[in-house]
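Chains as they are written, first to last, in the working numbering: chain Z, 96 to 425; chain X, -11 to 296; chain W, 8 to 319.
I should point out that these hints are in silico values taken from the structure, not numbers from a laboratory. Any given hint might turn out to be false.
[Unchecked claim] Distance condition first, Cα-Cα at most 35 Å in a straight line; then the derived DSBU-like pairs of lysine-lysine:
1. Z/K155 <-> X/K160
2. Z/K203 <-> W/K14
3. X/K(-2) <-> Z/K397
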Amino acid sequence: MSELLKIQDLSVEIMSTRGLVHAVRGVNLTVEPGSIHGIVGESGCGKSVTARSILRLYDKRYVRTRGHILFDGQDLLECSDKQMQKIRGKQISMIFQDPMTALNPLYKVGDQIAEVYIRHFGDSKQEARKKTLNMLELVGIHPAEVRYEQYPFEFSGGMLQRAVIAMAVAGGPKLIIADEPTTALDVTIQAQILELLQKLQRELNMAILVITHNFGIVSEICDTVSVMYAGTVLETGSKKDVFRNTANPYSRALMESIPRRGVKNQKLLTIPGIPPELFDEIEGCPFAPRCGRATERCRDVKPVLTPQLSTGILPHLAACHHAEGGTDNA
Amino acid sequence: MEKKKAFSAKRNTGTLFTIPVVISLVILCIIIFCAVFAPLIAPYDPVYQDISAAHSGSTEAHILGTDSVGRDLLSRLFYGGRTTIVGGLAIISLSILLGLPIGLFCGYYGGIIDSIFMRICDILLSFPSMLLAFVLVAGFGRGSMNNAIIALGVIYVPGLARLVRSLTLVEKNKIYVEALRSMCYSDLRIMFVHIIPNCISSVIIQLTLDMGYAVLDLAGMSFLGFGVQAPTADWGNMLNEGRGYLMQQPMLAILPGLCIIALVVSLNIFSDGLYRYLEPQQRKLPTFKKYDRMREKALRKAGVKNDE
Amino acid sequence: MFRYVSKRVIQLVIVFFIVSILIFAVVRMTPLDPIASISKGKAMSEETRLALMREYDLDKSWAGQYFSWIGGLFRGDLGKSFQYREAVSDLLSVRYKTSVQLVAMSTVMIVFLAIPLGVISAAHKNSLLDQTLTVTSLVFVSSPPFFTGILLMLLFTMVWPIFPTFGTGSDFWSNMKYLFLPSVSLAAVRIALSMRITRSNMVEQLQAPYIQTATAKGLSRRTIVYKHALKNAAIPIMTVTALDISGMLGGSVLVEKVFSLNGVGSLLADSITKSDYPVTQSITLIMVLVFMLCNLFVDIMYGIIDPRVRLD
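Extracted from the complex, chain Z is given alone in its bound form (with noise of 0.2 Å):
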């Protein structure tokens, strides 16, 4: 068993006030070791609710889960609280979209770094002041001895992104979660988060679970990827095979509705209709209304993942009636 994090048909059904709202329905996918994975799809298509589910960071009261989420072989949806507590911050943490709002407004930024040493590692203030301090210089926050002792507002949002990516770290966990990391800051310091990303991801050899609905983030860092659409995963494998030997329309439509650098008059295509409300079944695959090769069996059998053309040693797998394995396959 290789993988870190392998999630096996996992299903979550959230209570809203509008309705039990099923999110996520029968999600697979696999993070190797050390690698970056990626996670795409539009807004509401259940990519947020796959990662907050791996952290268990919801309501019991209100969601419901099935299937199961192996990390290391353990299953995260059945541990105890009092377990999850121990690998949250540790074996796995996670980096949130907006930075201005995750950290408390009203203690100083260092304490709070300085929480999961004193949490994990059972360290004394000054070890965790020590660490931090190190840590603080690690992803670039300089003077370290000076910014731990500021507050949040006094922080760029750049510089609490920075912060927060610390304080994941800080645990020395082997597998990250960053969801939108980059979507709430300019675009100029996108690029700095995201290389900071990827330097701390080599020099720490972590995995990293990233949430984007951008591609271009996705060509940029990841390794592997998944493309969800309402609550299911319609394609996922590596980064060059997704990209080069695409197998689902819906992956197809994403990709041709990015520009693209250095392509002249490229035709930027857009997928008309909106994705479908997540409360009741959804019969056939769930792209089909909007889909331009979609065809009555589509509509009424819904498709699974089935092994593609795959040009490394991982598989890659699509759900289309139209693609390889697929039963429309002309």
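Got chain Z sorted already, so can you dock chains X and W onto it with the hints?
Leaving out everything else, chains X and W in the frame of chain Z:
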């Protein structure tokens, strides 16, 4: 296919009429009915004194008994509800009459008028609210219901004006206001015809809540003898009169007190229900257990139909 | 921080003077003739009348009366009561203890009951405990303090006579027993109200994004609730506690009457009834000052807790 039609996980927008709200509405209706039709349903004149029957307990002639001067308690409760509700409504009307335009103008125009009125509000809010009412009553002359109502009306103005002001501040920066301005609509028209309807729901929630507090405050005033005067029946002053005979005839004090609580609790529940209805985020979610039961029931019902 | 505090203090002083003018003016709108309330309506010669006017500063202009009142305030001289013909400060000196103790005991109840219950309620949102507390608080919020008082009185005289239901004790400790029921009836409404506000603020804070960060760090639920969320909810909780004290200053007038306590509140009610405005204006001003000082305290705490305010 049948399964899908029988039950959908999507719920329609919630209803205002949840069980607590319905109960509170029923209580409110009963109280209002008794108050409005007091002259028709009350067995006696509320101020008619039958000294010979004073301090009677529950008898055939007087179901709830009589007070120290032989007035029928039931009749006084009906008429007392009238005074209390009218008083509460008057206080709230006064506060809305002053608070709404002040808040609207301050929020819409800003500038000097705004800062002057807001400083005045600050000063009024630096008083403990009941104390301000006491001082005003002392100034206007105590012992008249009208003065008590004016005094209490004034203390609700600053809170309401601030609420309306903050809502107006949000609304006036919205695009529809800009659009109306570009069509040369007058400021007054924009404010009263367009902004008010957009912020009225929060104001109504606040008003139902204030109505409850106003009833309590007026009862307090009457209790101290600053509000409704004897012999007029009012739940507050009935409570005060009944206090003297607490050991002999506790119902004289307890019943008006319970009436006040029933009225105010109902107003609070109604206000809370309205809030949850208008702000879906505040609605309580069903538990999975309840949800599954609902679903099973719906499916079973559909199943029965299919068999037929 | 120093700038912040001094700004607040200056504001307080300005508002205090405006409020004092306001009180002074409103109280003098009374349609009754002060001399009539001094003499209790008895006929008198013009000479005695003038002498009385001089004795009570009534011969001075309004401005003169105001300045002699405010000036006296700083020397501890609040003028003379019309009905008792005694110095207001003497009247207060025998009564203030009861009222201060009453409000203090109620405040203690609020701090040690309402705030913890509200926090627990929010931490276990929608649990059985939370729902029970919500319903109970709804009833107490809707019960006028004087009615709560009457019910308690009835309960503890007829059913379970362990607390005295009227009068006061001889010293501080025996007074605790006498003032227990009055302070419960005074505090009941405010406890219910504060609990609801504490709860809603804690619920709001527990949904804030930083709570998710704290959870993702692996902190225990206890640390998250009591360290991270509570500190953020502390400001509104303290603000409402100050409002509680303000509400209880007004409520003490009612409760002191129910339990026949000889305190400042009942003196105020009495003075309004008898148009004894030197007493009315002085008590009101003192109560407003107490409330303003509470608010100043909250503002200072605000600065201590929140760096954004302090460093502004």
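- Message: Tell me the numbers of any earlier hints that the structure contravenes, in ascending order.
- Response: Structure breaks hint 1 only.
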